[in-house]
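2 protein chains.
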Amino acid sequence: MQWLDQIKWDRDGLVPVIAQELGSGDILMFAWMNRDALARTAERGEAVYWSRSRQKLWHKGEESGHIQQVHEIRMDCDNDVLLLTITQHGHEPGIACHTGRHSCFFQALRDGQWSAVEPVIKDPATIYKA
Amino acid sequence: MQWLDQIKWDRDGLVPVIAQELGSGDILMFAWMNRDALARTAERGEAVYWSRSRQKLWHKGEESGHIQQVHEIRMDCDNDVLLLTITQHGHEPGIACHTGRHSCFFQALRDGQWSAVEPVIKDPATIYKA
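Read top to bottom, the protein sequences are chains A and B. So the first sequence is numbered by the UniProt record's numbering: it starts at 1 and just counts up by one. So the second sequence is numbered by the UniProt record's numbering: it starts at 1 and just counts up by one.
If we strip away everything but chain A, and leave its shape as in the complex, we get (with noise of 0.2 Å):
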């Protein structure tokens, strides 16, 4: 598809891709999508992403049930990042991250060090099964 080919993917294969939550504007995770991935998001209206540690597409909420539905897509200047307008779906409110938080971006610079400033919301072994 055109709209594809328009994307500058890096070397690669991937694009950056910032998760940000409808309503709120807060910006829930960062992730990649390769071709295929975006592909995907884009037919189904739920983010797919390709998870580099594990080297395949990944479906965000497969195994915890923490669903994105996609409202919209959007694409930088450059051509080379993509911004989601989400809805964090499978708790209230949305749980993005792995930890059982809100949204991955929970450590912030205080004072010289991280300091995690965002409360854990469930925990993490409640969400993935084994």
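It cannot be assumed that every hint is accurate.
What the hints assert, rightly or not - Computed list of lysine to any residue pairs in SDA-like fashion (alpha-carbon distance at most 20 Å, straight line):
1) B:K122 / A:C77
2) A:K8 / B:S64
3) B:K8 / A:S53
4) B:K122 / B:T85
5) A:K8 / B:K122
6) B:K8 / B:D78
7) B:K8 / A:R54
8) B:K8 / A:A42
9) B:K122 / B:D36
10) B:K122 / B:S64
11) A:K8 / A:A42
12) A:K8 / B:D12
13) A:K8 / B:D78
14) B:K8 / A:S51
15) B:K122 / B:L109
16) A:K56 / A:R11
17) A:K56 / A:R35
Rather than coming from a laboratory, the hints here were simulated on the basis of the structure.
Start from chain A and add chain B according to the hints.
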């Protein structure tokens, strides 16, 4: 400094950085920092990126006057992505994009094609002097 050592720099010694506007929550841009850029950002309280195209430090606004004041620096759960909370100075409303738009993420996927959905606030030719 220890907090800089805790970041997982990529194979090029860089970390991806998301710049989010204080108040509006708008994502204004996405760029990269190396260790030196981040140290300077933290020290001066203004965003200093690493320009991959020019291969040099890039104090955002050095040419355009569109300085980014940094209120907070956050890090994600994998220690490999940063999120800045900023105020975009130099124009009201803030212009972060070199195209003269508020945000770099002005292209939205609509009906299978990318459409520019945000207005140009200021002619780029008048932003960057020769």
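Status of each hint after checking the structure:
1. B:K122 / A:C77: Satisfied, since the Cα-Cα distance of roughly 15 Å is no more than 20 Å.
2. A:K8 / B:S64: Since the Cα atoms of A:K8 and B:S64 sit roughly 26 Å apart, the hinted pair is violated (cutoff 20 Å).
3. B:K8 / A:S53: Status holds; Cα separation ~14 Å.
4. B:K122 / B:T85: 23 Å, violated
5. A:K8 / B:K122: Violated, at roughly 26 Å.
6. B:K8 / B:D78: OK: B:K8 and B:D78 at ~8 Å, within 20 Å.
7. B:K8 / A:R54: 18 Å, holds
8. B:K8 / A:A42: 30 Å, violated
9. B:K122 / B:D36: The hint is violated at about 31 Å.
10. B:K122 / B:S64: Holds. B:K122 to B:S64 sits at ~12 Å (cutoff 20 Å).
11. A:K8 / A:A42: OK: A:K8 and A:A42 at ~17 Å, within 20 Å.
12. A:K8 / B:D12: Distance ~18 Å between A:K8 and B:D12 Cα, so the pair holds.
13. A:K8 / B:D78: Not OK: A:K8 and B:D78 at ~25 Å, beyond 20 Å, violated.
14. B:K8 / A:S51: 17 Å, holds
15. B:K122 / B:L109: 24 Å, violated
16. A:K56 / A:R11: 17 Å, holds
17. A:K56 / A:R35: This hinted pair holds, its Cα atoms lying about 12 Å apart.
In summary, the numbered hints that this structure violates are 2, 4, 5, 8, 9, 13, 15.
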